[in-house]
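S.K.: Sequence:
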Amino acid sequence: MKKFRSATYIFYLMKAGVAERKHRHIIETARSLLFSASIPGHFWGKAVLVVVYNMNRIPSSVISAMVGLSVGEKHFIQGGIAQDLRSDGRKRLNYRPISVDTGVIPHANGSARVRIGATDVIASVKAELGKPSPLQPDKGKVAIYVDCSPTAAPAFEGRGGEELSRELSVALQRCLLGGKSGAGAGINLSSLSVVEGKICWDLYIDGLVVSSDGNLLDALGAAIKAALSNTGIPKVNVAASAYADEQPEYDISDEEFLQFDTSGVPVIITLTKVGRHYIVDATSEEESQMSSALSVSINRHGHICGLTKRGGAGLDPSVILNMISVAKHVSEELMNKLDSEISAAEAYEAES
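Residue numbers 1 to 352, in this note's numbering, belong to the letters of the sequence shown in order.
Don't read these hints as lab results, they were simulated from the structure. Backbone N, C-alpha and C fix where the C-beta goes; we use that ideal spot for every residue, glycine too. One or more of the hints may lead you astray.
[Stated by the list, open to error] Derived DSS-like pairs (lysine-lysine); straight-line CA-CA distance at most 25 Å:
1) K131 / K141
2) K235 / K198
3) K91 / K337
4) K309 / K328
5) K91 / K74
6) K91 / K309
7) K198 / K131
8) K198 / K126
9) K309 / K74
10) K141 / K235
11) K91 / K328
[Stated by the list, open to error] Pair ranges (Cβ atoms, derived):
12) E256 / D138: 20 to 28 Å
13) L85 / F257: 46 to 54 Å
14) A344 / L135: 39 to 47 Å
15) D261 / E349: 13 to 21 Å
16) L85 / E332: 21 to 29 Å
17) L258 / E349: 17 to 25 Å
18) V170 / P234: 26 to 34 Å
19) Q78 / V170: 26 to 34 Å
20) G89 / V210: 18 to 26 Å
21) S133 / V71: 51 to 59 Å
22) S190 / R310: 26 to 34 Å
Between the sequences and the hints, there should be enough to build the whole structure, so can you do that?
M.R.: Encoded structure:
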């Protein structure tokens with residue numbers, strides 16, 4: 001073994017060529033860094049102890065290369081999904097535990113924090129008065145932005161985080177805001193109108209990825225729904241205008257608020273295709289093995305508000321229809337669970 005100046009080290013125990021869940025570095029990379037000669041083949045299938053000295057001296061590019069899955073881990077994940085028994089014990093259509101906290105950002109009109117397993121996201125809503133679009137004079141406007149914290153995952157550092165933020169923002173707009181005309185929008189834009197053609201509410205929805213372990217789009221969609229449930233829109237008193245073409249005067253109440261109606265706001269169900277099967281609430285490890293994924297936003301009434309796909313592999317139309325049918329079934333359970341968590345969080349917030 002090569003000599004290192006520092007005696008600081010971390011142990012990685014790898015059994016049968018598959019890293020234990022808390023130790024996921026590829027043994028081949030560690031081997032090339034630490035040993036002057038390769039490990040003999042007969043060590044495979046046995047417990048191998050890898051000692052990593054002074055991790056701070058290893059370049060970040062090398063560390064990025066080390067984080068991944070071995071061939072054995074990939075087979076383990078794919079085989080488990082095929083047998084309907086995933087690596088964390090769930091079935092293919094089961095979600096991880098979900099928790100919701102509301103009112104986490106005091107100065108926002110509404111906010112919520114949602115955790116799905118180790119994925120942790122925050123959404124906030126800020127309402128400002130503005131002028132409606134000439135194309136939609138009787139509707140308000142909604143803008144959605146997502147920021148991926150560099151500490152959420154190593155891949156979020158630099159341009160990686162910026163690109164993912166843009167992709168998530170666009171995907172959320174497709175899933176929640178419908179088409180350019182506003183048709184099919186999961187958020188009722190008409191409820192944001194104050195004076196047709198003159199005054200409307202503009203909602204700025206910001207999402208923050210605090211920690212990532214897969215299924216970010218579903219988690220952000222759930223956080224936005226919870227934040228909108230927590231949103232109070234100030235009551236606007238509009239003075240009668242003498243002339244129809246002049247801008248009316250108005251007064252914004254500091255005490256009266258209208259609760260935002262979220263009855264039509266959908267949840268997002270992402271079905272991730274791994275091998276011949278698809279799963280919901282994929283972890284980051286499972287997502288690394290996907291060929292494609294379809295995200296479907298479905299509201300309480302069973303209406304599809306939006307679709308978005310990612311991944312290089314194509315999907316047959318019959319498969320897409322089947323995935324939509326499965327997403328509708330799964331959405332009922334997720335909607336009930338999320339509504340229950342939101343109600344509990346709001347009750348706790350009211351008491352505190």
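S.K.: What hints, given by number in increasing order, does this structure fail?
M.R.: No hint contradicted; all consistent.
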